[in-house]
Amino acid sequence: MKDGTGKLRSAVRVVGLGLYFAFAMAPIVWILMMSFKNPGDVIATPPKFIFSPTLDNYKAITVGLESYSSESLRPDFPKYFLNTLIIASATVAVSLVLGTFAAYSLARFSFPMKEDIAFTFLSFRFAPELMVILPLYVIFQKCHLIDSFAGLTLAYQLVTLPFLIWVLRGFFEEIPKEIEQAARVDGCTWWGVFCRISLPLVKPGIAAVVILSFIFAWNNFIFAMILGGERTQPITLGILGFIGYERVLWGQMAAATIICAVPELVLAFVIQKYIIRGLTFGAVKG
Amino acid sequence: MANIVLDNVDKYYGDLHAIDHLQLQIRDREFFVILGASGAGKTTTLKMMAGVEPVDSGSIFMDGQDVTRWPPERREVAMVFESYALYGHLSVYKNMAFPLLAGRRKRLTASEVEQKVRRVAQLLGIDMLLQRRPAELSGGQRQRVALGRALVREPAAFLMDEPLSHLDAKIHHQMRSELRQLRECMGSTIVYVTHDYGEALALGDRIAILHEGKIMQVGTPGEVFHHPATRLVAESLGDPPMNVLPGRICCQDGRTFVEIQGQPLRVSGAVEGPSAATPPRQVDVGIRAQHIRATQAPSSRPFHLPGQVYVHEVLGDEGLLTVTVGPQHVMVLTSPEERFTPDERVYLSWEAEAMHLFCGQTGKNLQSHSV
Amino acid sequence: MMKSMRMPGRYLPYLLSLPAMLALIGIMYPFFLGVYYTLTNYTLTRPDQIEFIGLRNYAQIFSDWVFWRALLTTFVYAWAAVALELGLGLAVALMLNHPFRGVQILRSLLIVPMMIPPIVSALMWKVIFLPTRQGVLNYLLGFLGISPIAWLGGSYTALVSLILIDVWIFSPFAILILLAGLQSLPKEPYEAAMVDGASGWFVFRRLTLPMLSPCIVLIILFRLIDSLKVFDVIYATTKGGPAGATTTLHIQSYFEAIRWFKMGHGMVYALVLWIMCYLFSRVLTRLWTRALMR
Numbered sequence: 001m002k003d004g005t006g007k008l009r010s011a012v013r014v015v016g017l018g019l020y021f022a023f024a025m026a027p028i029v030w031i032l033m034m035s036f037k038n039p040g041d042v043i044a045t046p047p048k049f050i051f052s053p054t055l056d057n058y059k060a061i062t063v064g065l066e067s068y069s070s071e072s073l074r075p076d077f078p079k080y081f082l083n084t085l086i087i088a089s090a091t092v093a094v095s096l097v098l099g100t101f102a103a104y105s106l107a108r109f110s111f112p113m114k115e116d117i118a119f120t121f122l123s124f125r126f127a128p129e130l131m132v133i134l135p136l137y138v139i140f141q142k143c144h145l146i147d148s149f150a151g152l153t154l155a156y157q158l159v160t161l162p163f164l165i166w167v168l169r170g171f172f173e174e175i176p177k178e179i180e181q182a183a184r185v186d187g188c189t190w191w192g193v194f195c196r197i198s199l200p201l202v203k204p205g206i207a208a209v210v211i212l213s214f215i216f217a218w219n220n221f222i223f224a225m226i227l228g229g230e231r232t233q234p235i236t237l238g239i240l241g242f243i244g245y246e247r248v249l250w251g252q253m254a255a256a257t258i259i260c261a262v263p264e265l266v267l268a269f270v271i272q273k274y275i276i277r278g279l280t281f282g283a284v285k286g
Numbered sequence: 001m002a003n004i005v006l007d008n009v010d011k012y013y014g015d016l017h018a019i020d021h022l023q024l025q026i027r028d029r030e031f032f033v034i035l036g037a038s039g040a041g042k043t044t045t046l047k048m049m050a051g052v053e054p055v056d057s058g059s060i061f062m063d064g065q066d067v068t069r070w071p072p073e074r075r076e077v078a079m080v081f082e083s084y085a086l087y088g089h090l091s092v093y094k095n096m097a098f099p100l101l102a103g104r105r106k107r108l109t110a111s112e113v114e115q116k117v118r119r120v121a122q123l124l125g126i127d128m129l130l131q132r133r134p135a136e137l138s139g140g141q142r143q144r145v146a147l148g149r150a151l152v153r154e155p156a157a158f159l160m161d162e163p164l165s166h167l168d169a170k171i172h173h174q175m176r177s178e179l180r181q182l183r184e185c186m187g188s189t190i191v192y193v194t195h196d197y198g199e200a201l202a203l204g205d206r207i208a209i210l211h212e213g214k215i216m217q218v219g220t221p222g223e224v225f226h227h228p229a230t231r232l233v234a235e236s237l238g239d240p241p242m243n244v245l246p247g248r249i250c251c252q253d254g255r256t257f258v259e260i261q262g263q264p265l266r267v268s269g270a271v272e273g274p275s276a277a278t279p280p281r282q283v284d285v286g287i288r289a290q291h292i293r294a295t296q297a298p299s300s301r302p303f304h305l306p307g308q309v310y311v312h313e314v315l316g317d318e319g320l321l322t323v324t325v326g327p328q329h330v331m332v333l334t335s336p337e338e339r340f341t342p343d344e345r346v347y348l349s350w351e352a353e354a355m356h357l358f359c360g361q362t363g364k365n366l367q368s369h370s371v
Numbered sequence: 001m002m003k004s005m006r007m008p009g010r011y012l013p014y015l016l017s018l019p020a021m022l023a024l025i026g027i028m029y030p031f032f033l034g035v036y037y038t039l040t041n042y043t044l045t046r047p048d049q050i051e052f053i054g055l056r057n058y059a060q061i062f063s064d065w066v067f068w069r070a071l072l073t074t075f076v077y078a079w080a081a082v083a084l085e086l087g088l089g090l091a092v093a094l095m096l097n098h099p100f101r102g103v104q105i106l107r108s109l110l111i112v113p114m115m116i117p118p119i120v121s122a123l124m125w126k127v128i129f130l131p132t133r134q135g136v137l138n139y140l141l142g143f144l145g146i147s148p149i150a151w152l153g154g155s156y157t158a159l160v161s162l163i164l165i166d167v168w169i170f171s172p173f174a175i176l177i178l179l180a181g182l183q184s185l186p187k188e189p190y191e192a193a194m195v196d197g198a199s200g201w202f203v204f205r206r207l208t209l210p211m212l213s214p215c216i217v218l219i220i221l222f223r224l225i226d227s228l229k230v231f232d233v234i235y236a237t238t239k240g241g242p243a244g245a246t247t248t249l250h251i252q253s254y255f256e257a258i259r260w261f262k263m264g265h266g267m268v269y270a271l272v273l274w275i276m277c278y279l280f281s282r283v284l285t286r287l288w289t290r291a292l293m294r
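Protein chains in written order, with our numbering: chain Z, 1 to 286; chain U, 1 to 371; chain P, 1 to 294.
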């Protein structure tokens with residue numbers, strides 16, 4: 001290949017990637033800037049790129065600020081943040097406990113209707129949420145589960161459990177049977193084998209699934225909107241609260257957006273290796 | 001220390017009758033070898049003894065106790081898997097310590113565990129590898145770890161599934177002799193499975209030849225080699241494999257003869273079956289390469305089989321001569337000085353005592369001095 | 001637990017799966033309840049008066065042009081989003097599949113749009129899409145001589161804007177999968193092609209694309225179905241407007257049930273969408289397993 005083509009290709013690549021990443025990062029940068037603008041600058045016409053930054057927005061949503069006291073909604077934002085944390089963590093924990101055994105069972109044992117059950121589990125990943133949430137709303141009302149952490153955690157299992165079972169089943173199937181047989185001959189009961197051999201060997205799978213399930217629960221909106229309420233409101237709903245009837249508190253909304261995204265971004269950078277593993281599982285090898 | 005008895009054990013994989021009415025009696029402290037080709041059912045038999053594969057019908061006894069339904073962790077056996085089955089996420093030390101820490105046996109203190117592991121590791125020459133992971137080891141080293149994991153336990157019986165089959169030729173022989181020495185230290189019953197007849201003959205106190213799930217013969221190495229019960233047994237032992245030629249048995253004047261390609265040879269010893277009253281019968285005549293003499297001129301003996309030289313390979317200490325006799329090839333071991341040219345006419349002869357007669361239909365050895 | 005251990009317990013698999021089975025029932029029960037509701041006139045304001053009315057809901061809805069427009073909108077949104085995400089994903093993945101300085105950083109940046117809750121991203125874009133020159137997008141376009149567009153206010157532009165948001169959020173998904181696929185491609189076929197003197201485009205069409213087919217099908221599987229049932233993005237920005245231009249089946253289901261309390265109607269919309277998603281998922285999963293086997 002001639003050097004000219006190589007240089008052309010590089011140039012195309014630089015321009016192409018530059019365009020894409022500008023597209024991808026620009027909105028985030030803009031919102032970031034917005035979060036530091038005071039009300040006057042926030043929706044100035046024309047939009048301001050140069051401004052004097054302020055931390056007022058962040059202060060308003062976290063601790064409440066004097067000058068905003070008449071305008072800012074109650075600074076419940078930290079509470080929303082906590083709610084989201086509780087729900088996401090509980091969801092992941094419950095999925096792990098329920099789903100790991102089912103995944104192992106599907107991987108190791110054969111019993112009638114096994115593949116049908118497996119596919120049914122999987123198929124709910126592809127179901128429109130309202131199909132289940134609307135009737136669930138009725139059921140939850142009768143059981144007084146509306147606006148409860150337990151109720152939401154249970155509802156979230158709808159999505160996280162099938163996913164966990166599908167991924168972990170694949171990982172369990174990868175463990176050579178003979179290793180588990182060796183452990184049994186060495187003296188472990190099936191429970192011992194499960195805890196000391198099988199589980200440690202699927203750690204990467206568990207990591208990937210935990211992270212992705214956590215992200216799902218954190219990002220979720222529709223479940224919380226219909227099945228949640230005042231007490232359990234997570235940040236995805238709280239953020240809508242900045243859009244009032246008369247005015248929109250753009251600056252505070254922007255600050256909330258940033259705070260909303262930060263934990264996941266941190267998570268992403270710290271363990272992105274596992275996220276990519278989890279997402280591409282099945283894509284390449286199958 | 002245990003004797004193991006398999007009583008009428010059957011196993012099916014779907015429609016395949018993998019193990020067929022297996023009867024085995026393994027004595028305490030015996031080095032018992034199960035020899036068979038791939039797919040004969042050796043690994044399945046071993047896994048049933050370990051408790052890892054369920055038995056479909058029949059029973060397994062250890063030291064008189066019916067352990068057929070016992071889970072593996074309850075039987076006091078150690079197993080070395082063909083694939084080694086090491087715990088990849090644990091260090092070599094932890095792999096070897098695992099059996100001592102797992103399960104419901106009496107708890108050992110940490111120092112006792114360490115003592116046992118180090119002792120075995122030194123014995124096998126892997127004590128400098130204790131902190132490594134299996135992935136970092138070579139095939140030979142992994143095999144020793146697998147062996148070590150079994151040795152730390154001092155179990156009633158050792159079950160070994162082709163432990164040497166994946167090793168390079170050089171290490172293979174070395175490990176074979178090491179195994180023989182280890183055997184003295186182990187002192188337990190050993191059930192050893194292989195497809196390599198050399199290992200079987202070298203290591204076993206007794207050998208069972210397994211073919212398609214059925215036992216063909218059980219005996220000492222000498223017995224199975226010199227007095228094979230069936231043609232299959234004879235063919236699985238020896239390199240080159242025993243030559244088998246079709247022949248007919250007939251009786252004349254109260255003596256039994258076997259006729260090969262028209263050449264009669266008087267049979268020594270009693271032969272089951274034919275008497276003057278019964279008509280000549282199809283047999284397979286087995287004769288090992290080392291018992292055949294090939295000469296360029298017909299010998300003075302009454303029996304010689306004519307043939308044509310196909311190829312003669314001189315391999316160091318001996319020569320391997322392939323002769324075309326009728327439609328088949330016969331292998332003859334020659335001394336390294338003899339010379340043969342292709343297509344040369346040669347005459348094969350052998351002693352009647354060296355010959356084996358197998359029934360043409362059942363393959364059973366027709367001569368009563370077989371066990 | 002260790003007393004009479006049969007090997008392995010015949011009931012063990014069922015016991016292990018029990019919690020998940022219960023969860024499964026927990027999923028199936030509301031589902032079938034929902035199907036039942038499609039055949040009733042259940043209204044949330046009068047929860048005690050439920051009448052079985054057979055297929056009347058279906059008749060009403062199928063003869064309402066709102067339904068058909070929602071169906072069309074759902075389809076257009078989904079297929080457009082998938083096509084764009086796939087195309088963009090392939091382009092970017094190809095460009096990222098080279099070792100150069102900073103490629104690691106770029107790869108880390110990729111996940112960012114997906115890390116933000118979709119509803120939050122949609123709100124972000126709502127700000128950017130502000131009509132008149134208030135919105136930063138219009139402001140920047142002004143430099144190119146384009147007059148301000150009411151992005152979320154016009155019927156066609158609203159749908160386009162929403163698709164754009166979807167692409168922004170989810171093209172990293174396609175990029176990551178395609179990148180993984182590209183990096184696991186075997187080298188030998190390409191070396192053979194080089195020796196045979198095949199051109200770049202030919203190699204791409206005949207070698208790369210077919211070998212990437214499992215990845216491509218997987219992307220279509222997930223993105224198509226997720227876009228068919230999209231909710232957050234639309235709710236945050238247009239709530240189905242203007243005048244129903246961006247109303248999909250899922251959105252309409254929400255309105256029928258929650259805004260107008262007509263549970264029966266709402267469930268019909270949800271069920272129709274469910275059937276669509278189910279059929280597509282079956283077809284695409286089969287395509288995927290077949291693509292894998294090649």
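Hints in this document: simulated from the structure, not taken from any laboratory. Treat the hints with care, since some could be wrong.
Said to hold, decoys possible - Simulated crosslink set (BS3-like; lysine-lysine; CA at most 27 Å straight-line): (1) Lys48(Z) x Lys79(Z); (2) Lys214(U) x Lys364(U); (3) Lys94(U) x Lys177(Z); (4) Lys214(U) x Lys177(Z); (5) Lys7(Z) x Lys262(P); (6) Lys116(U) x Lys203(Z); (7) Lys94(U) x Lys116(U); (8) Lys262(P) x Lys142(Z); (9) Lys177(Z) x Lys142(Z); (10) Lys59(Z) x Lys48(Z); (11) Lys262(P) x Lys239(P); (12) Lys203(Z) x Lys114(Z); (13) Lys48(Z) x Lys114(Z).
No experiment lies behind these values; they were computed from the predicted model shown.
Hint numbers not upheld by this structure, sorted from lowest to highest: The structure breaks hints 1, 5, 6, 9, 13; every other hint is satisfied.
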